[in-house]
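Here's the letter readout for the chains.
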Amino acid sequence: VTRGRRQFIIGVTVAAATAALLYFLPLFHVVPLNQAGQPMASTAFDAVKFVDCFWSERLIPGAAQAVDAAQLVAAVQQDPKVARRSYGRSVGLGAVYFYLVAGTGRVVSAKKRAVGLSLTDGNTHVQVWLETDKIFGNAVRDGTGLLNVNDIPNSQDFNAVSSEINRRIEVQVLPALQKSASVGAKVRFVGCAEIADEETDLHPLRIVPFIVEAP
Amino acid sequence: MNRFVPGIFTTLVLTLLVLLGGCGTPAKPGTPRIAVVISTLNNPWFIVLGNAAKEYGTRLGYDVVMFDSQNDPAKEAAHFDNLIASGYAAVLFNPTDADGSIANVRRAKKAGIPVFCMDREINATDAAVSQILSDNYSGCVSLGQYFVKQVGESGKFVELLGLVGDNNTWNRSKGFHSVVDRYPGLKMVAQQSADFDRAKALEVMEAILQGNPTIDAVFCGNDAMAMGAYQALVAAGKDKQVKVFGFDGADDVVKLIAEGKIVATGMQFPKLMARTAAESADKYLKGERNLPQKTPVAVELVHQTNVNKYGDYGRKEEK
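Chain order of the listed sequences is A and B.
Here this note's numbering is used: the first residue of the first sequence is 188, the next is one more, and so on.
Here this note's numbering is used: the first residue of the second sequence is 808, the next is one more, and so on.
No lab work stands behind these hints: they were computed from the structure.
Bear in mind the structure is a predicted one, so any value in this text is a computation, not a measurement.
All residues carry an ideal CB built from backbone N, CA and C; glycine is no exception.
Any given hint might turn out to be false.
Unchecked claim - List time: in silico DSSO-like cross-link candidates among lysine-lysine, alpha-carbon distance up to 30 Å:
hint : chain 1 : residue 1 : chain 2 : residue 2
1    : A       : LYS236    : B       : LYS981
2    : A       : LYS299    : B       : LYS981
3    : B       : LYS994    : A       : LYS321
4    : A       : LYS321    : B       : LYS1116
5    : B       : LYS1078   : A       : LYS268
6    : B       : LYS917    : B       : LYS1078
7    : A       : LYS298    : B       : LYS963
8    : A       : LYS298    : B       : LYS994
9    : A       : LYS321    : B       : LYS1050
10   : A       : LYS299    : B       : LYS956
11   : B       : LYS956    : B       : LYS1116
12   : A       : LYS299    : B       : LYS994
13   : A       : LYS366    : B       : LYS956
14   : B       : LYS1123   : A       : LYS299
15   : B       : LYS956    : A       : LYS298
16   : A       : LYS298    : B       : LYS1050
17   : B       : LYS917    : B       : LYS994
18   : B       : LYS956    : A       : LYS321
19   : B       : LYS981    : A       : LYS321
To be verified - Chain B side only, calculated, beta carbon under 7 Å to chain A, not exhaustive:
hint : residue
20   : TYR944
21   : SER945
22   : VAL948
23   : GLN952
24   : VAL986
25   : ARG1096
26   : ASN1097
27   : PRO1099
28   : LYS1101
29   : THR1102
30   : PRO1103
31   : VAL1104
32   : ALA1105
To be verified - Listed below are several chain B residues computed to face chain A (Cβ distance under 8 Å; list not exhaustive):
hint : residue
33   : GLU928
34   : ASP942
35   : SER985
36   : ARG989
37   : LEU1079
38   : GLN1100
39   : GLU1107
40   : HIS1110
Chain A extracted, bound-state conformation (with noise of 0.2 Å):
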């Protein structure tokens, strides 16, 4: 053998050396940059589950401490800092309350997003809007005062609890109201209303139902 055929040879022998090495223990990998420096999702935390156990222990029993939602209006409208120390829920530091309420009401609208319905015999205007469409936020997650940010130590967990509670919403309450609501329609409702603002956001005052029936 030459000695340049020798010095092909281990240089051949070398790189195919380096190759293996070098893809079985990388330098670096390249990963997409959603992935990139995310922190490690919980393994432990299982949010269907959870919720599926939340959903039938707590949330449906709980809905009895539900305030009537006409009688929460008027004490809004009353006095907003008393409404929110007798009925609202806040998670941490803010300006948003939530709120647990029930009603039973008459649907004088529907449309593809929303039911609306008047409270009072009689009335023919829009009172509360039960939404029918995607269902985004924290507003059952915060509204019943059964969950604690501090009970879940990791926050990301904790928003997926409140993802999973709102897909349950849209696949096993909202297909029945969108329905049984047609304007004239009797509707008894039990769900959770967020209230940033006091001046707009009674006019009028959205829920997410997690709870509708025909009574």
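Given the coordinates of chain A, work out where chain B should sit on it, guided by the hints.
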């Protein structure tokens, strides 16, 4: 030779003055000292956070010294070495890295110095005494809903991300995407990091606009980047066509919202967070141990209809 002596003397005096200046006002004997460690003072929002922490700490009777980590975990670690060695009573802390900063907090804890996180989270619940954090995810859910309302259910948009190692970057992005991703007509044509930096956002946005000249909106993970993106759009003559959304509630963005040039932002409350952190530290140093590990601070949506209620990094009536 003699003519150099006054020069050397002056240089020594000036160096000493700069070094002592960096250490802040000398402590009054017996007055406990609090350190305010801020991730970067190269961003007006963090200057407000740091100054407010210093002001509230001083009002509560402490000598307060501020440290700038310049977004550098190594500088932050050096600050902690310094403050541990100097015997500070507590730290009001705005971390540079959710994971990387944990070790600093643990070292302080081991040395008996309680740490109170402000605005930015660390990925540990057993290190800091408490963490006062903006509810970034929920704030961006609201912003995402308003985005859909303003842009519509179809269109092309760009997202400028903050520092990829920071939890806030992803909590904001995830909150926003939890809404917009449910509208298949809304297409994200580019997603790039501009490190929460105005100059970098300008640069990144200019490059994106070359490849995507017909976008409808840009969502920015903070207001400094929103300002940079807006500047790029003005330069390209597209500021009337592209809707800009920010996050923070910085004064310059709030003013541009009032003028109809930027669509919306999420108001964080740096002064409220700083005050809560300072008060928590004071309570802890006076013996209170029942402090919540995490206190979320709600983020409020600021848009043209309600912009008159906001300014000076908060709600106007709170001043």
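Against which earlier hints does the structure fall short, listed by number upward? Numbers 14, 17, 25, 26 and 40, in rising order.
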